[in-house]
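Enquirer: Protein chains in written order, with our numbering: chain F, 1 to 458; chain H, 1001 to 1461; chain L, 2001 to 2437.
No wet-lab data here; the hints were simulated from the structure. Please note: incorrect hints may appear among the correct ones.
Calculated cross-link-like contacts (lysine-lysine; reagent style DSSO-like; alpha-carbon spacing at most 27 Å) [said to hold, decoys possible]:
(1) H:Lys1334 x L:Lys2266
(2) H:Lys1313 x H:Lys1287
(3) F:Lys364 x F:Lys268
(4) H:Lys1186 x H:Lys1106
(5) F:Lys151 x H:Lys1356
(6) F:Lys260 x L:Lys2436
(7) H:Lys1338 x L:Lys2200
(8) L:Lys2316 x F:Lys151
(9) L:Lys2077 x L:Lys2048
(10) L:Lys2358 x F:Lys387
(11) H:Lys1222 x F:Lys219
(12) H:Lys1338 x H:Lys1369
(13) L:Lys2230 x L:Lys2205
(14) L:Lys2436 x F:Lys268
Since the structure is predicted, the reported quantities are computational estimates derived from the model, not experimental observations.
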Amino acid sequence: MKRILYSILLTVVTLEATAQVEHGSVLIKGGTLLTITKGTLENTDLLIRDGKIIQIGKNIAPPQGVKVVDATGMYVMPGIIDAHSHAGLDAINEATSPVTAEVFTGDAINPFQVELYRALGGGVTTIHAMHGSANAIGGQCETIKLRYGVKDPDGLRMEGAPRTIKFALGENPTRVHGGGNNIVPRTRMGVEFVIREAFSKAKEYMEAWDRYNKSKGQKGFRGAPPVYDLRLETLADVLKGNIIVHCHSYRADEIFMLLKVCQDFGVKKVVLQHVNEGFKVAPELAKFGAMASVFADWWAYKFEVYYSTAYNAAILTKNGVTTSINSDDGELMRHLYHEAAKTQKYGALSDDEALSLITLNPAKQLGIDGRVGSLEIGKEADVAIFKGHPLSTYTIPMITIVDGIIRFDREKDPDDMRIYIDPNLPLEETTAADTHTNDVENCLQNAEEAFNYMFDHN
Amino acid sequence: MKKTYLKYVKRSFAFTLMCLSTLGYSQDERKLGPVSRSYVISQATIVQGPGRKIEKGTVLIKDGLIAAVGPNLTIPPDAIQIKGDSLFVYAGFIDGLSRAGVSRPKDDITKEKAKDPGNPTPERAGITPQNDVRNFLNPVDKSVEELRSLGFTAAHVVPHGGMLPGCGSVIFLGGNSADEMVLVSKSSLYSELVIADRVYPNTVIGVMAKWRELYRQASLTKTYESTYASNRTGIDRPTTDRVLEAFYPVIDKRLPVLFRADKALDLQRVLSLQKDLGFSLIAVNVKEGWDVIPKIKSSGAKVFLSLELPEEKKEEKKDDKPSESPFTDSLEHKALEKRRLDFVALHAGQAAAFQKAGVPFGFSTISSKTKDIHSSLRRMIRSGLTEDQALAALTTNPASLLGLSDRLGSIDTGKVANLVISRKPFFDEKSKVQYVFVDGIMYKIESKENEKAAEKKTDKP
Amino acid sequence: MHNLKINFKKAISAIGCLMFAITVSAQSPKGEYGSFALTNATIETVTKGTIQNGTVVISNGKITAVGTDVAVPQGAKVVDCRGLWIYPGMIDGGTQLGLSEVGSDVRTRDFNEVGDVIPQMKALSAVNPNSVLIPVTRISGVTTVLSLPEGDLIPGTAGLINLYGYTPEQMYAGFEGVVLTFPNTGRKGFFDKRTDDEIKKAAEKSLKRLNEVWDMAVQYYKLDSATGSKGVSYYPEMQALLPVVKGDRSLMIKVNASKDIQAALKWVAEKKVRKVIFSGVVEGWRVAGEIAKAKIPVVAGPVLGLPTRDYDRYDKAYANPGIMMKAGVKVALCTGGTENVRNLPYHAAFAAAYGMGKEEALRSVTIVPAEIFGVADKLGSIEVGKNATMLISDGDPFETKTNIKYVFIDGWKVPMVSRQTELYEEFLKREPGVSKN
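Looking at chain F on its own, in the form it has when it is part of the complex:
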């Protein structure tokens, strides 16, 4: 009964959130449309009404009151989707326990982060704001649209997007938990065990509640309900197929291990993240139907990525695995179009194949491909306009549109795009970042610091 109430509440919340989202109307004239699914259309107009693409064709007459963007000589593509990001969040790693499925990054959305605007400056419109990789089973993640300017954190949520959860294998969870405080996992053996144990306990929990729910309706039943455990509730939802698993993984053997565990427990919706050695088990991934979200060319920053290759995305694609390219980094996120273009150098992917890696494919991995990821009538109006082909390194993103609203305009936006200002900070606060941007991938952010603090003080 309570669960029905909760689900009703959730629906109500979602519906109300839908009501709040601002939608716009724009007519984009005369550009070259890179539709992704329906080829390249030169000198074609795109009409957006109330946040939806409603017409694609030549010489569309501008409706009354609708803003016109002249895209002559420019390229128009679907807004870029980053399937692995930690931008826009105030908290990333609840690193105190190896299993924390109950926490939810959606509770920590920070719509004021300038990082989000900078991503818009690179044509990105949707990101998967994820939990970090400190835990074997991390928290649930949130798919958010870069509606920069909206001050309500709920306003960034992509209402109705499927639920997702973060898993992590390999060096990160073993370093944080086993390496630090003698908590399983300390090795890859432990990582598999932790996941199997969590799933098994969730299964038992599910069965206990099913039994209770069945019997409590019966006459004369006077039993106690099982203990409510939000963690096991969430894991039960994973087993039921209601949550897509996004698993941070690198080595071929652990990737294979995860597929086996998921198979044993009937978990079908799996996306491997980073998966630098995915190319070594591409046939297995394809057979399972698992998808992969990878870096273009990051490697060697940890031992588990020492045997990587920049040809990863191409090999996976050619072996039938739905692949996307992600950033996991605030800097990389701004030129995902360039990262995708690298697959043309490393593996000779075609233009459409390369562009799919940052549009339709990540949309599929987030379960939102019915709504975004290509320029098609009926899809949501998330569009990026480039001066120069997006796959050329000399390209410049000019305008980025989310839900039909222009959220980035290179020529019109002022330099200072902060929304909220901390009046207590000194006026000129500069962060001259060290040049080692790739040393510790951001998945371990906050956890690394917490880890050092927690475990260095023994």
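Starting from the structure of chain F, add chains H and L where the hints point.
Expert: Relative to the frame of chain F, chains H and L by itself:
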């Protein structure tokens, strides 16, 4: 001869004894109660409430209550008289959130090393909603006097601790014992979005998840408890859990949750918890609420705004050389400064914004420096709040928001005698609080200005 | 009978060649040295314009001829470059390549020695010529890099290396510079949670220390020259700084925040440091005029970086080199990286697109760093007499669609193979696939 000598010795001995007994012994102060429990303040400007002023009025206090108030009252002979000319009398201020008089627990276990950071004890994680602030009240703590000297006579105080440190009480800022201070015993369940130190929950997402889990677990155990109570045989007895039991009155909506929400995002998160779980919410110490007003309105949450404002001008440190940076006079610097000041103005104008939107609010002092509170109020008044509205936020509003309008918030017959008396109108720049009445007891506020003023005036019979 | 003999000989040599070819491909491929003629190419000389349908002749490690009517010398191996471009090998002016293998494993990192004033620590002693990262880098056309020690104040002496050779001597490209990390008043990154006061005090302390050390070095120099090097004892730190004080060796000053750049300019002028290069210079655009006035060359980067301030325009890091160049600063580019130095051409492309222009961006990774490091007689352009260090591509090397077909370093034709290409070969079509049988 011998007799006189002896007498001399006896006398000097007695004398020495007497001297000794007075020398080298400091006497314990003997408790001297007030001469009378009746006071009358006459010929003062009495602001009974916002918009209700009596130019030369009289207030009569008897046995802790306001016995009478009006323009012409007969002054009873058994009352201590306070000459009110040039004095301004207001109802005592009510603080929405403070830790005045609340001492910290002796052992702080929240800093101990935990063997299994993922499964700490509730105490280690800062989860002790069952704690009662009354167990920590210390009436002689300096903080009580400090807050009182600003004109506050009642405060909603809460325990120290982590995310759920315990239940709060509304207390008078005066009294001789903890119980004497308490007006409302359990007035709220207090909570802050603060993380536990090195154990779960160590992030705000952990705190939010834990909150939801505790609340839902409490709902289930509460329901089961009533099932069990109707017939206790043949079924498992409910597990008693002090932490979960603390939530029962909240689930029943008999007890509100007093949730600290300083920053805009804290406020948003607190509101989303309220939406998820449905408890009565009082959002307190709000500093960045102006964009969240519509959501607050639709949620029905009650609000206390913070009296802490950011500094207007950056203090120019004296040892800074005139211009090391090339940008001191440049356009960019000017633009940055303007944006900053615009934002500071938003802070100062927050109260006026809430007023305009029709959302009633009180004030809380928990993060403010006492020396800045008066000037913060004045800044808010300069930014669009009227004096009457400011007074309402200090008196009638909080009384109403806390359900205490029958007893606090204005100077009316029958209400508790909590008063603030200042030499000039309270919101004037150089105004100083001279007396404060708490629960009918008078406290004189010591300050150089007040002493000077006292010397000037001579008591006329 | 006679014909049979000749045919037999031919057959043997043919079989011999075939066997040789087979064995060669079975082992790790080796570089080739000798005489080469690269014909029918579009030659981007960088310093003398573009030559269509030209030929470059390589001999004894040097470029011996460049032009349209160049004769192919006898015995030279001809490489037909029809439809291809020849560019000088790219130079990355700031990396840790060779000094670090696996970023998070401290045992593989050799750029950060103990001590704050250790100019005697030489990058060249620790460079690993067999680092797996090196082939990955050079097959993308980056042929020469500066590898720098890193740390507080004076962490060591950087060395310029060509990415082909089996010993540091074989790789040494002719430039060493003492590194100075100028006292830093900006925040070091997301995890730097010090108060403003703490940062200021730390920078002041650091500057004081720097001044003490420099004054000592000057003293040492005076004694050294007065006594003909006989009146000074073993003092490695001072001896390492001696050439800098003398003006024979460059001081590479790592500095980023605008306030720090100004402080560094002031310091250099005060102490009359003869040869200075600024490195990093991420906020250089704010004080570009001042840097230009001081005539100090800059190795700027990384271009693919975030703006340093929340209120900075979003593309400031991309635009930085262009702004400085337009203000008159001599700008070379660097990635600041280790395992992805191969992306230098893309840093250059972004710098080009966001203000520097393609031509200047190309110069900033070829002739300009060569000039800054004093090796322009050997590297940086396709000119007769320079080292035969170049890349041959099927298009603009700054574009991702372009493939680098051949790379020459010091006259060696580098094998276009790295672990990453080998993994590609093995796994593009894995055998066995899903089933073993």
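Enquirer: Does each hint fit the structure? Answer for all of them.
Expert: Evaluation of the provided hints:
no., hint, verdict
1, H:Lys1334 x L:Lys2266, "26 Å, holds"
2, H:Lys1313 x H:Lys1287, "18 Å, holds"
3, F:Lys364 x F:Lys268, "14 Å, holds"
4, H:Lys1186 x H:Lys1106, "22 Å, holds"
5, F:Lys151 x H:Lys1356, "20 Å, holds"
6, F:Lys260 x L:Lys2436, "17 Å, holds"
7, H:Lys1338 x L:Lys2200, "25 Å, holds"
8, L:Lys2316 x F:Lys151, "25 Å, holds"
9, L:Lys2077 x L:Lys2048, "25 Å, holds"
10, L:Lys2358 x F:Lys387, "16 Å, holds"
11, H:Lys1222 x F:Lys219, "21 Å, holds"
12, H:Lys1338 x H:Lys1369, "26 Å, holds"
13, L:Lys2230 x L:Lys2205, "34 Å, violated"
14, L:Lys2436 x F:Lys268, "24 Å, holds"
Hint 13 from the list above is the single one not met by this structure.
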